[in-house]
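For the sequence shown, position 272 matches number 272 in the UniProt record's numbering, and the numbering has no gaps at all.
To be clear, the hints were calculated from the coordinates, so they are not data collected in a lab. Don't take every hint at face value.
Computed list of lysine-lysine pairs in PhoX-like fashion (alpha-carbon distance at most 25 Å, straight line) [unchecked claim]:
no. : residue 1 : residue 2
1   : K81       : K127
2   : K127      : K210
3   : K265      : K317
4   : K129      : K189
5   : K265      : K295
6   : K265      : K191
7   : K210      : K191
8   : K127      : K94
9   : K81       : K317
10  : K189      : K210
11  : K127      : K191
12  : K129      : K94
Label pairs and their computed distance ranges (CB to CB) [said to hold, decoys possible]:
no. : residue 1 : residue 2 : range
13  : G92       : D138      : 16 to 22 Å
14  : K129      : A267      : 34 to 40 Å
15  : K129      : G280      : 31 to 37 Å
16  : G38       : M93       : 31 to 37 Å
17  : K295      : N229      : 52 to 58 Å
18  : N229      : Q133      : 23 to 29 Å
Heads up, the beta-carbon is just placed ideally off N, CA and C, and yes, glycines get one too.
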Amino acid sequence: MHQSLPLTTETTPSSPVPTPTAATAAPRIWAVGGGKGGVGKSVITANMAVVLAREGKRCVILDADLGGANIHTLIGLPNPKTTLSDLFSRRGMKLEAVMVDTPVPNLQLISGSRALMEMANPKHVQKEKIIRQLFSLDVDHIFIDLGAGSAFNALDFFLAAHTQIMVVVPTPTSVENAYHFLKAVYYRKLKRAIQTLGAQRLVDRAMGEKMLRGIRSPRDLIASISRENPPLGASLEAEMSPLAPALIVNQIRTEEEMDLGPQMKVACRDFFGLDVDFLGCIRNDDRAYNAVRMKRPAMEAYPQSSFSLALREITRKLAAAPFGGC
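Using the sequences plus the hints, can you model the full thing?
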């Protein structure tokens, strides 16, 4: 973590699905990312939504992997007739108009499938339109499946969420990409905070003297600013405090790999000063892979698989926790 700082599926039958209840407040927004493709984040996103939908919560998945959207396939839905591209190609269209029903009761999808080429990195105003309308949807939970990498649209969707989840697998490339993703998220938010507080000049001076001040991490930077200007330092810490990512380690195969989550938690605390919530490990499970091949959520195809049991526990724990604004 010592990096240079930038200057500026189961045969057991499932229980009946309860009747959904009307949403009484703004929806809880979940974002699932991690930087690297192939770690199972789309499978995890889809199945987390299924858990709560089957408990009677009205859920929507936003497949924000624009240009590479595949959530519809994971839940057994043909190519949706309306997608995000329609939102911008048809004047006056609202986000709820591109929500489509899925084979899972209480679960709808906003698909990025068939997205226009330019939609892979939407304009800022388009992205802000999506985020703004997400908060006004009359549902209980919205799950955002982020694309791989650290493009601004992925970072901003992640930062807009109440529940921010990173998924990694125990491989060096996945871990490295997760750190890069979190670093990009952190600096995206820090840059906004600096602009909001009018602190650019002080930050520039601190970075110009980073060797003298011993600044080797974002945590060191904020500590240095706090020493020079305690009120500004406190304000920066307050601006950064809503950034509270959670971590899932997926596809665990050995007992040794169980240590990865706690190790990453310590590294993120030391480097970023962030208290990452390690949610737990999910063991590698062929039934989750089989469910993908069947085009069904593992929660329905194999509800008693190790994958489903672990993810169901994680999802319920998160859903029970309070959430506020970001």
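ask   = Is 31 to 37 Å right for how far apart the beta carbons of K129 and G280 are?
value = Given range 31 to 37 Å: holds, Cβ gap about 35 Å.
message = Taking the Cβ atom of K295 and the Cβ atom of N229, is their distance within the range 52 to 58 Å?
response = 56 Å, holds
query = Quick one, are K127 and K191 close enough, alpha carbons at most 25 Å?
reply = Holds, at roughly 18 Å.
ask   = Regarding the pair K129 and K94, is the alpha-carbon distance no greater than 25 Å?
value = 9 Å, holds
ask   = Does K189 lie within 25 Å of K129 when you go C-alpha to C-alpha?
value = 19 Å, holds
ask   = Okay, G92 versus D138 on CB: inside 16 to 22 Å?
value = The hint (16 to 22 Å, Cβ to Cβ) holds, given that G92 and D138 are roughly 19 Å apart.
key: 34 to 40 Å as the expected CB spacing between A267 and K129, which holds or is violated   = Check passed, 36 Å falls within 34 to 40 Å.
ask   = Holds or violated: are the alpha carbons of K265 and K191 at most 25 Å from each other?
value = Roughly 23 Å separates the two Cα atoms, so the pair holds.
ask   = Is the hinted pair K127 and K210 satisfied, with a Cα-Cα distance of at most 25 Å?
value = It is violated: about 35 Å lies between the C-alpha atoms, which goes past 25 Å.
ask   = Taking 25 Å as the top limit, are the C-alpha atoms of K265 and K317 close enough?
value = 18 Å, holds
inquiry  = Does K295 sit within 25 Å of K265, going by the straight-line distance between their CA atoms?
reply    = Answer violated: K265 to K295 is near 34 Å, above 25 Å.
message = Hint check: K81 vs K127, CA-CA at most 25 Å. Holds or violated?
response = Within the cut-off at roughly 21 Å; holds.
Hints 2, 5, 9, 18 from the list above are not met by this structure, while the remaining hints are.
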